[in-house]
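A.B. asks: As they're listed, the protein sequences go chains A and B.
The numbering of the first sequence is this note's numbering, which starts it at 1 and goes up by one.
The numbering of the second sequence is this note's numbering, which starts it at 1 and goes up by one.
Certain hints may be false.
Stated by the list, open to error - Sample of chain B residues facing chain A (criterion: CB under 8 Å; computed from the structure):
1) ILE10
2) PHE44
3) ALA94
4) ILE106
What the hints assert, rightly or not - Covered stretches of chain B, as calculated for chain A (at least 3 residues, CB under 8 Å):
5) 13-26
6) 164-176
Read the hints as simulated data drawn from the structure, not as lab findings.
Since the structure is predicted, the reported quantities are computational estimates derived from the model, not experimental observations.
Cβ coordinates follow ideal geometry from the N, Cα and C atoms, glycine included.
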Amino acid sequence: MGAADADDALNSWTIRNIVGTMFPILIGLSVLEMGSGYVLEELQETYLGNPTLLVLVPVMIGMGGNLGAILSSRLSTRLHLGVLEFDVRDEVLWTNIIAILGLAATVFSALGVAAWVVGQVIAEPMALGELLLISISSGMSLAVIAIGLSLAATYVSYTQGLDPDDTTIPVVTNLCDILGVVVLSGVAIVVLN
Amino acid sequence: MEGRQSAWRIYRESLPILVVSLAGGIFAGSVLGSDGMTAGFERFPGMLLLLPAFLATRGNVYGALGARISSGLHQGMIDPEFSWDRRLVNAVAASFINGISVSVFIAVLSWGILHVLGRESARLVELLSIMLVSGVLTSTTLIFGLLGLVFASYEYGLDPDNLIGPIVTTLGDVFGVVFLFIALTIAEVVF
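Okay, chain A solo, but in the shape it has when bound (with noise of 0.2 Å):
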């Protein structure tokens, strides 16, 4: 028994081993985010005619799986515990969402106010107001998706009984990413027209 824990704690480290059980996943990831890319395409006279908005897209990227990577991580050690309720009336449950969804208009506000200094000095400038409007309702809308997808997740994980450290949380953060760039496309279109 202890042999073949060995074993396969070497086996893990090959080369073969990381890169067969790595590149299948990054493959059906690029491919979904080419989604994404193909949204910025289309939109390619908006973004590039408006550079101010480009500021944006790394953070409406990465951020929507930050906030859906801290609240899934925190309903799976609750999972873990045992003391996770899918219940409206757990104060815990609302006390998460209401902690994410605080940060969420923290940074989305920073980041429109930065995204307008960055248009002034760098880019073509847009107007306070209008990237602030952009950038807090295309976040807010990307924390209650990551909020909703996260519970989904955790959901599914403890219903199927898998460790959601492992296989709902990368579900969860990977799908943030994807989706972040085309709520922002869709914001930004009904907000300059």
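Starting from the known structure of chain A, fit chain B onto it as the hints suggest.
C.D. replies: Then chain B, alone, in the frame of chain A:
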């Protein structure tokens, strides 16, 4: 009342990490919105299509490396220093292979999608060169930067598990777009 206090605690604990990631993202965004970069996007159609894949997949490659190294340190399977240790060399080589192959793959994919749709596209050799140059530079910097920071934090008694996420996001955002900018600039001169 108690609920409100603990929401505030979660907020306070999580905010610093998000601010670090926000700062990296804003820097990356400023490079993306700069004149040189937007000129490159116009000159090489297909770059915008592959941009999200380029930005997002790196988190998975180097996050996985960071998690593996961190577990290895905790289990005593590797030492917190650069050495020709078999496991460390394997993990680093595998990350190079993953990081560079995926860069090549998204260049081909982006070119293929535009061709199938009958859209204007940069030549395959142009997209491939840009992704290869930025992929090699980003992999090298991220792998050695990540290992250095993880080893240093472990030696200082910090748990790398708490630091890998933000380190990868920030280094990835900052260096990813800088090297993309460099690769686009080289491509504009060469092609």
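A.B. asks: Hint by hint, where does the structure go against what was stated? Just the numbers, ascending.
C.D. replies: Structure breaks hint 2 only.
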